[in-house]
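Residue numbers (our numbering), protein chains in the order written: chain A, 1 to 307; chain B, 1 to 269.
There could be a bad hint or two in this list.
[Stated by the list, open to error] Not everything, but these chain B residues come out facing chain A in the computed CB check (under 10 Å):
no., residue
1, C20
2, A32
3, V54
4, I58
5, V85
6, T125
7, T130
8, I150
9, Q162
10, E169
11, L170
12, F215
13, K217
14, G218
15, M221
16, F254
[Claimed, not checked] Anything over 12 Å on all C-beta distances counts as not near chain A; from chain B, calculated:
no., residue
17, F57
18, W70
19, G163
20, I196
21, V249
To be clear, the hints were calculated from the coordinates, so they are not data collected in a lab.
Given the structure is predicted, the values throughout are model-derived calculations rather than measurements.
Where is the CB? At the ideal position from N, CA and C, for every residue including glycine.
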Amino acid sequence: MAADPATGSATRGGTGWRELVAPLLLPSWLVIGIFLVVPVALMATYSFLTKDFRGGIVWQFSLDAYDQFFLDRGLFGDEPPQPNWNYIAIFWRSIWQAGLATLLCLVIGFPTAWFIATRNPRHRALWIFLITVPYWVNLLIRTVSMRFLLRDQGPFNEALLALGLVDSPLRIINTDVAVQIGLFYSYLPFMVLPIYAAVERYDFSLSEAARDLYAGPWTTLRVIVLPAVKPGIVAGCILVFVPSLGAFLAPDLLGGARTYMIGSLIDEQFRGSAGNWPFGSAAAMILLTMVLAVLLWHARSAGREQR
Amino acid sequence: MDMYSNIRRYRGFGVLTALCLTVLYVPLIVVAVYSFNASRSITAWGGFSFEWYVDVFIGQEAPIFRAAAWNSISIAFLAASAATVIAVAAAVAMTRGGAFRGRQASFAVISLPLMVPEIVIAVATLIFFTTIGVRTGYGTILIAHITFCIPFAYLPISARLQGIEESYELAARDLYATRWQAFRLILLPLLMPGVISGWLLAFIISLDDFIITNFVKGAGMETLPTAIFGSVKQGIKPNIMAISTLMLVFSAVFVTLSYLINRIGQKAR
Numbered sequence: 001m002a003a004d005p006a007t008g009s010a011t012r013g014g015t016g017w018r019e020l021v022a023p024l025l026l027p028s029w030l031v032i033g034i035f036l037v038v039p040v041a042l043m044a045t046y047s048f049l050t051k052d053f054r055g056g057i058v059w060q061f062s063l064d065a066y067d068q069f070f071l072d073r074g075l076f077g078d079e080p081p082q083p084n085w086n087y088i089a090i091f092w093r094s095i096w097q098a099g100l101a102t103l104l105c106l107v108i109g110f111p112t113a114w115f116i117a118t119r120n121p122r123h124r125a126l127w128i129f130l131i132t133v134p135y136w137v138n139l140l141i142r143t144v145s146m147r148f149l150l151r152d153q154g155p156f157n158e159a160l161l162a163l164g165l166v167d168s169p170l171r172i173i174n175t176d177v178a179v180q181i182g183l184f185y186s187y188l189p190f191m192v193l194p195i196y197a198a199v200e201r202y203d204f205s206l207s208e209a210a211r212d213l214y215a216g217p218w219t220t221l222r223v224i225v226l227p228a229v230k231p232g233i234v235a236g237c238i239l240v241f242v243p244s245l246g247a248f249l250a251p252d253l254l255g256g257a258r259t260y261m262i263g264s265l266i267d268e269q270f271r272g273s274a275g276n277w278p279f280g281s282a283a284a285m286i287l288l289t290m291v292l293a294v295l296l297w298h299a300r301s302a303g304r305e306q307r
Numbered sequence: 001m002d003m004y005s006n007i008r009r010y011r012g013f014g015v016l017t018a019l020c021l022t023v024l025y026v027p028l029i030v031v032a033v034y035s036f037n038a039s040r041s042i043t044a045w046g047g048f049s050f051e052w053y054v055d056v057f058i059g060q061e062a063p064i065f066r067a068a069a070w071n072s073i074s075i076a077f078l079a080a081s082a083a084t085v086i087a088v089a090a091a092v093a094m095t096r097g098g099a100f101r102g103r104q105a106s107f108a109v110i111s112l113p114l115m116v117p118e119i120v121i122a123v124a125t126l127i128f129f130t131t132i133g134v135r136t137g138y139g140t141i142l143i144a145h146i147t148f149c150i151p152f153a154y155l156p157i158s159a160r161l162q163g164i165e166e167s168y169e170l171a172a173r174d175l176y177a178t179r180w181q182a183f184r185l186i187l188l189p190l191l192m193p194g195v196i197s198g199w200l201l202a203f204i205i206s207l208d209d210f211i212i213t214n215f216v217k218g219a220g221m222e223t224l225p226t227a228i229f230g231s232v233k234q235g236i237k238p239n240i241m242a243i244s245t246l247m248l249v250f251s252a253v254f255v256t257l258s259y260l261i262n263r264i265g266q267k268a269r
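Bound conformation, chain A alone (with noise of 0.2 Å):
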């Protein structure tokens, strides 16, 4: 056997893996292609297709479903057709609520995570094991830990009455408050950890070479630092705003009636008779696409900034 002048190696084929790639990757093409991608596919069919009285399917073509998302028609579908504002109320709340989370975790995420990078190496592991503690614990046990603190007569009333802070207990549960700050407490790891990445990686002489030219410290933070470390931002607000804007637990056990996301509003389709799997199916179909849309956003312009 010759060696191989470019490896420099007797095995011509370097580590020989090189004519298996198919049967290795075939596993996972064949599992997630049969059990995502076709299911996918599926209910973007069904979202075509016509409810059945009873909580099924018709298989017959309609817009029904996109139509009743966007356009009320009366109580009998006889009327004019006006915009529906029901259902884009939902994904609207979703929307700012989702925003506001990212908003949020940035605010607390960046310094935590600058903090954290700026320890003695030595730490920094400890520091970000105390971080990813919660990520690693039940989220259901998170949100159900949230909504026993936040009760009428919970644990964060009563503290705040013993210190006569309010005279009578807020109500938090079952509003907007409560859900933003059950997704804000749900994902809040998620903004801190890419950061804390792209700040380790941070080259500090630039803030020193800014500081001796009279630049203050926030200025050296916002023209120097956060252009440096800007992916890591990106890359936390997406993983934040991204299952926030599809998040169920925390506008279910935290939200009420009135505080409706896109979350509960598909979960609803799919339960019991009184659902609707088409209407289901085009509500996820729209979350879907305004979650592809966002990391397709992201795909390119990251790729641009190599470049």
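Since the structure of chain A is already known, use the hints to place chain B on it.
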């Protein structure tokens, strides 16, 4: 030197870090404390007691929770193991396969479960199983879990694999090891910390899942999160706080384990 520490320090960042950790931990600590409350009411403190922990194991709802815990753990074990095997194969192809056609598409497919919102996966999977006429239950939960666990197992494994030089395997191959021997005796032991991290992450992600499981579990089938959710809908009872605390401790042990394995892996490199 003073100048040097100055550029790293911003006024108020320490306070915000403290706030961040407070927000993350206070709800968990409060529930853990109240799980030891002797009082039946969940509001007033009635002294320290293990009553609710005993209740979890031998109380009225104990059989439900025991069955749910068994389902959760066995599904997580099987799903994590299957996902890890699939992920190792994929990671080897992606990092050792050179520049092949469809590499980017393969990466997109593997990360797809991370990009599609959970509620969408849940709905789509339910529709899929209903359409092909499969009864939802243990099997459908397991299949769904294997699918969404693949990227979680893949990420730590491929990260580790990227850090292992090809020269070890090349040396083994030069000495007439078969491809399989080179993998089993050289690559796999070097890859082990990544495999374990990937498995642990997949295990905890499977154990954590509520939304997808809730859609594909079928009637009468419960995992711990769905059983807890069902119970919480009728109000938070003290035994739920005890279960929550047990799961909390379980998760904390798991993270510590994965953290230590990662550290050992980094030292060995």
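Next on the checklist: Next item in the hint list is B:A32. Is there a CB on chain A closer than 10 Å to its CB?
Outcome noted: At 9 Å from the nearest chain A Cβ, B:A32 passes the 10 Å test, so the hint holds.
Checklist entry - Under the criterion of a CB-CB separation shorter than 10 Å, is B:F215 in contact with chain A as hinted? => result holds (7 Å)
Item to check | Interface hint for B:V85, Cβ within 10 Å of any Cβ on chain A | outcome: OK, holds: B:V85 within 10 Å of chain A, min 8 Å.
Item to check | chain A contact restraint for B:I150 - C-beta distance below 10 Å | outcome: holds (6 Å)
Checklist entry - Per the stated criterion, does the least C-beta distance between B:V249 and chain A lie above 12 Å, as a non-interface residue requires? => result violated (10 Å)
Checklist entry - Quick one, is the B:V54 hint okay against chain A at 10 Å, beta carbons? => result violated (20 Å)
Item to check | Evaluation of the interface hint that places B:Q162 against chain A, nearest CB under 10 Å | outcome: With Cβ-Cβ at 14 Å, over 10 Å, it is violated.
Next on the checklist: If we take the beta carbon of B:G163, is the closest beta carbon in chain A still more than 12 Å away?
Outcome noted: At roughly 15 Å from the nearest Cβ of chain A, B:G163 sits farther out than 12 Å, so the non-interface label holds.
Item to check | Given as non-interface: B:W70, which should sit over 12 Å from chain A by C-beta | outcome: Nearest chain A Cβ is 17 Å from B:W70, so the label holds.
Item to check | Restraint satisfaction for B:K217 [CB to CB of chain A, less than 10 Å] | outcome: violated (13 Å)
Item to check | Proposed interface contact between B:G218 and chain A, which counts if any beta carbon pair is under 10 Å | outcome: violated (13 Å)
Checklist entry - Is the nearest Cβ of chain A still more than 12 Å from the Cβ of B:F57? => result Consistent with the label, B:F57 stays out of reach of chain A, its closest Cβ about 18 Å off (over 12 Å).
Consistency with the previously given hints fails for numbers 3, 4, 9, 13, 14, 15 and 21, ordered from lowest to highest.
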